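Asker: Could you slot chain B onto chain A? The hints should help.
Heads up: the protein sequence lines correspond to chains A and B, in order. Counting in this note's numbering, the final residue of the first sequence is number 507, and the numbers go up one at a time with none missing. Counting in this note's numbering, the final residue of the second sequence is number 507, and the numbers go up one at a time with none missing.
A hint or two may mislead.
If several chains are the same, the list does not tell them apart, and a pair holds so long as it fits within one copy or across any two.
DSSO-like mimics (lysine-lysine), calculated; alpha carbons at most 30 Å apart, straight line [stated by the list, open to error]:
id: 1; residue 1: 223; residue 2: 132
id: 2; residue 1: 98; residue 2: 109
id: 3; residue 1: 47; residue 2: 216
id: 4; residue 1: 172; residue 2: 144
id: 5; residue 1: 98; residue 2: 132
id: 6; residue 1: 47; residue 2: 144
id: 7; residue 1: 98; residue 2: 172
To be clear, the hints were calculated from the coordinates, so they are not data collected in a lab. Computed from a predicted structure; not experimentally measured.
Below are the chains, spelled out letter by letter.
Protein chains: 2
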Amino acid sequence: MNLNEAIGRLNDAERDLLAYSHAMGVLSVDGDTVAPKNSAEGRAQTMSVLSGFYHEIITDPALREACGIILAAPEVDRVTRRRAEERKEESDDFFITPKDEYMAYEALVQEAGAVWHEAKGKSDWEAFRPYLEKIVDFNRRYAARKDASKAAYDVLLDNYEKGCSMAALDPFFADLREKLTPLIAAVGQKPQPDTSFITGRFPVEKQRIFSDKLMALMGINRDDCAIGETEHPFTDSNNKHDVRITTHYHEEDPTMSMYSVIHEGGHALYELGVGDELQGTCLEGGSSTGIHESQSRFYENIIGRSLPFCEALLPLMRDCFLQMRDVTAEQLWRAVNKAQPSLIRTEADELTYSMHVMIRYELEKAMMSGELAVQDVPGEWNRMYKTYLGIDVPDHRRGVLQDSHWSFGGIGYFPGYALGNAYGAQMLRAMERDIDVWGPVGRGDLSQVTAWLREHVHRHGRLLLPAEILRSAVGGPFDPSCYTDYLTKKYSEIYGL
Amino acid sequence: MNLNEAIGRLNDAERDLLAYSHAMGVLSVDGDTVAPKNSAEGRAQTMSVLSGFYHEIITDPALREACGIILAAPEVDRVTRRRAEERKEESDDFFITPKDEYMAYEALVQEAGAVWHEAKGKSDWEAFRPYLEKIVDFNRRYAARKDASKAAYDVLLDNYEKGCSMAALDPFFADLREKLTPLIAAVGQKPQPDTSFITGRFPVEKQRIFSDKLMALMGINRDDCAIGETEHPFTDSNNKHDVRITTHYHEEDPTMSMYSVIHEGGHALYELGVGDELQGTCLEGGSSTGIHESQSRFYENIIGRSLPFCEALLPLMRDCFLQMRDVTAEQLWRAVNKAQPSLIRTEADELTYSMHVMIRYELEKAMMSGELAVQDVPGEWNRMYKTYLGIDVPDHRRGVLQDSHWSFGGIGYFPGYALGNAYGAQMLRAMERDIDVWGPVGRGDLSQVTAWLREHVHRHGRLLLPAEILRSAVGGPFDPSCYTDYLTKKYSEIYGL
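One chain only, chain A, in its complex shape (with noise of 0.2 Å):
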């Protein structure tokens, strides 16, 4: 095989393989929005099959030649030879699980979903543990395959932020416990906002209106966004054209859907600025989950709980909730940073919200470790949020199984959500150097913030590794010490500390 027939051998590849992951995430969407509940088990099935041949096609010795012969010739230009990086890693990650047991474990997780969803309803944590223990004994198995020389836990960790790893997050994660402690406890002494204009009875049918000028707002092209709408808000994306969000709409108070649809629509935008010359290969799409959760909490909190961004929010969320005519941008910002310990992670507040993340990091630690049986793992669920949040849970519904990420096997991606926080803080640090960030949001424009961060972020989709991401965008290394700053200056000066 020369050059020019490997590459073209990844061409190809890569083409099926494109249609493979396009059909699978349609399946799933289709899936968790509008499929009828007893399809689970027929979509299994098809999940399986189809993961199978993607094993086939993705671990083919011809590719896995063609990928060596492109990562040996120094003639090749820099996308081609990260592709043939990424999909040899892929390869070799899924040389190690042979296909049967590969399909199987597909199968696992598209019914272990069904059965969390059920089992969340009924607050039934035994449902669910069988399944749970299955799937942390297939990512120990998988971990130690992979990477024998280390931990199970640094291996998951890697593979969704690569070059992260234990030794990394537990001293970001101690640092958190000890400045964010004494801020919540801060808090919580003082006098809360005045929420009650945001809590009354706020119509679904105007809230769709507004999510479509919160969207108008963020400069999301619709013809290449849609919006649905699902229990749990996520957003998808099968190429920079087809992109989906979801929201969830809570009658009795807009913001909850109004901040999913910003988070989402910073997911999005991320997707949808990617550049055109990684379309139709597997760099087009975000860095890492740290990176893509740095953009969608970048402008659900940092933009979207600003102060002049409720100036610019404020004119629509009265053309569409009359009950909000009086109310001001001030009253609006700190009703909307409002911070308390409280029990769901994805309602959190901004401020307490990274504590909901270190606690689901600590347990996942301690389960990949062996340490935790997953037996023991709701106690200690229930132990670790009333030392660090003072709550305590009534039922698993609200503990324990209130997130879907394990059961699909998404065991190492919590951390993503609260380095994105981080990440996003240190981000914009570096942008109001740049730029005049606050000004234009005022007036409602983001044009100049998704710039900047279509510039230093998006457009390189996967083809910089998430340091290289961050370094683009700041200038320098990873300093977590901006996040605890940016917290303790907003929250001092909401509360008055």
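Answerer: The following block gives chain B in isolation, referenced to the frame of chain A:
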């Protein structure tokens, strides 16, 4: 390969083929319902790739050999034999089109679908014409390869309705023309019923609630069947626990969506009622388009537009639409049976509907024989609407571009709609001999109607051919006079002829 190995081979191939069909079905429904506009190109690429893999599996020599072995073994059970027969025939069908050409055609119809949608909106025939030319061209070549001894259109007709041909359809449509033309003219001389109470403002939110009630009335299990919204309503089934119907709400007239839901609900009941022993095989689905349409149009018209059903409907309608509180069942019945020549097939009344189909049949016949060039289709379309329905077509949007079928290559599909009407009228006659149809329907109990259809039609899936289904249901051969008799009797009563 021995018989057991052959059956194993068929089972393996079928598992894979069904996974691809499932994925392509969901991609297609997604494209028609919630996908953003610009996703069309990526979806066409994915469909083309997946159809290539499908082609590989269905034309695999080992599968063809396995089918041959099964068909030669007298001891094989009839389900397995019929599966082998169906798959062998499908394989032969794919075999005559090389994989690359088939993939290109798949990409063409995907693109044609998007082009048609846009062209229809703009009434722009010239934008769609080149696509239809290519589609007609492909189908003529395909038919010549499949059976050069038959007319091209006969090959296509037989694909949709096994045993169907122009020799059978010509006298059928001639009879319809002869009997319905004077009936339509006579109705046109009579005063029209009052329809004011189904004209006005019927909020979509209320209509959505009404759809739920309708589906419950029809006995459709929502855990197996979801409802969505599209411009053109349709039914899609992945398996008997994963069926989707769609509707389109018109705020000014609730009966348009109502009859879409009942029509698509009829298709859905067919798919939901297939025998369990056919699950996970190619026999899980309808026998033909004609038999499928017989079920949808049976519920829509024969049941749905009957006086007893209007009695059952009225309380549900009154619950949702206050303006209907003083309407009587007879008034409703007369209103929903208002008949007059119109432009749009899908909105046509029961009396004139088959004339729309007849026109398409004649055009397809002439296109496929080469007698009518694609560029001359609009002129011929308009001429026939004037001749047979007496109306002028104001633009292509409401004329030749109104239906999607040609864009997806569905030439030969239309006659099934008229056959379905005629099959249904014949089934009614048999059903009335067997059970009390109208008493329970008037009380809102459709269970006996559905049980009869399930016993004679639904449970057989594709195990029986269309003529066998009809014989199972009515105890004899096709008799189209039932249909013209039914229409004559019904419309004479309504219009006092």
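Asker: When Cα atoms must be at most 30 Å apart, do residue 223 and residue 132 count as within-copy, between-copy, both, or neither?
Answerer: Result: close only across copies, 27 Å inter versus 36 Å intra.
Asker: Reference check for the pair residue 98 and residue 109, CA-CA at most 30 Å: within, between, both, or neither?
Answerer: both (17 Å within a copy, 29 Å between copies)
Asker: Indicate which option fits the pair residue 98, residue 132 if close means a Cα-Cα distance not exceeding 30 Å: within, between, both or neither.
Answerer: neither (43 Å within a copy, 48 Å between copies)
Asker: Evaluate residue 47 and residue 144 at a C-alpha cut-off of 30 Å and name the case that applies: within, between, both or neither.
Answerer: within (23 Å within a copy, 40 Å between copies)
Asker: 30 Å Cα cut-off: does residue 172 pair with residue 144 within a copy, between copies, both or neither?
Answerer: within (25 Å within a copy, 49 Å between copies)
Asker: With identical chains treated as interchangeable, where does the CA-CA distance between residue 47 and residue 216 reach 30 Å or less: within a copy, between copies, both, or neither?
Answerer: both (28 Å within a copy, 24 Å between copies)
Asker: Since the copies are identical, ignore which copy is meant and state whether residue 98 and residue 172 lie within 30 Å (CA to CA) inside a copy, between copies, both or neither.
Answerer: within (15 Å within a copy, 49 Å between copies)
When held up to the earlier numbered hints, the structure conflicts with hint 5 and nothing else.
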